[in-house]
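S.K.: Residue numbers (our numbering), protein chains in the order written: chain G, 1 to 112; chain V, 1 to 119.
Don't take each hint at face value.
If you only want the chain V side, here are some residues facing chain G, beta carbon under 8 Å, derived [to be verified]: (1) F96; (2) L106; (3) G112.
Taking beta-carbon pairs under 8 Å as the criterion, some of the chain G residues facing chain V (in silico) [to be verified]: (4) S48; (5) F67; (6) S70; (7) G96; (8) W99; (9) Y101; (10) F103.
Since the hints were derived computationally from the structure, they do not count as laboratory data.
Model, not experiment: these values are computed from the prediction.
Think of the CB as a built atom: it goes at the ideal place given N, C-alpha and C, for glycine as much as any other residue.
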Amino acid sequence: DVVMTQSPLSLPVTLGQPASISCRSSHSLVSSDGNTYFSWFQQRPGQSPRRLIYKVSNRDSGVPDRFSGSGSGTDFTLKIIRVEAEDVGVYYCMQGTHWPYTFGQGTMLEIK
Amino acid sequence: QVQLQESGPGLVKPSQTLSLTCTVSGGSIRSGGYYWSWIRQLPGKGLEWIGYIYYSGSTYYNPSLQSRVTISVDTSKNQFSLNLTSVTAADTAVYFCARDPSTTRLDYWGQGTPVTVSS
Chain G
1 DVVMTQSPLS
11 LPVTLGQPAS
21 ISCRSSHSLV
31 SSDGNTYFSW
41 FQQRPGQSPR
51 RLIYKVSNRD
61 SGVPDRFSGS
71 GSGTDFTLKI
81 IRVEAEDVGV
91 YYCMQGTHWP
101 YTFGQGTMLE
111 IK
Chain V
1 QVQLQESGPG
11 LVKPSQTLSL
21 TCTVSGGSIR
31 SGGYYWSWIR
41 QLPGKGLEWI
51 GYIYYSGSTY
61 YNPSLQSRVT
71 ISVDTSKNQF
81 SLNLTSVTAA
91 DTAVYFCARD
101 PSTTRLDYWG
111 QGTPVTVSS
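Isolated chain G, as found in the complex (with noise of 0.2 Å):
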């Protein structure tokens, strides 16, 4: 299976600001179609994933722009430019390039 390595695994960070979490594959995520199959959720206490970013870098309908996905191959970035009370919980990346999708481990983001 891929194994998928994000870090830090927590996130301090004080309202306003940015905050950037990085997650590994152990394999190239680049398909044999040419698309990039990476995608970012949030996980807010008490509720299901959401899916903020797939295939990299497209936002999802509703997500605001102060998310951003980046990357490439095997490394991948997700960037909050201006952090919110309502950013709170935990993100995750997941792979669907290699079948089993596989997740990481999680990055629980909180106010400092």
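Go by the hints and put chain V onto chain G.
M.R.: Below, chain V without anything else, positioned relative to chain G:
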């Protein structure tokens, strides 16, 4: 917008079969280009993808669970289901169903249903 809702027993005895159903609303399960997935979240741990089904009935299961998992679909009810046999305490988790577009992978998720394996 599509919505998914899991249902099933919250408590299952060890060695028995865990059975859950996901009801899809706001869209047809027969829509081309969409697979329908099950994912679970183990207590205090991360997410594990269990497998998916297409409306035609074709499936793919996570090899780690393949010997115990069956996913089925009922297009007349717009539902798909999960059966996990010979459960142990290690199968205690919150189980989610999700839509799985072939072009982007998992997008919409259900709210999740907690299942405890205990005698």
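S.K.: List in ascending order the numbers of the hints, as given earlier, that are violated by the structure.
M.R.: Checked against the structure, the hints that fail are numbers 5, 6, while the rest are satisfied.
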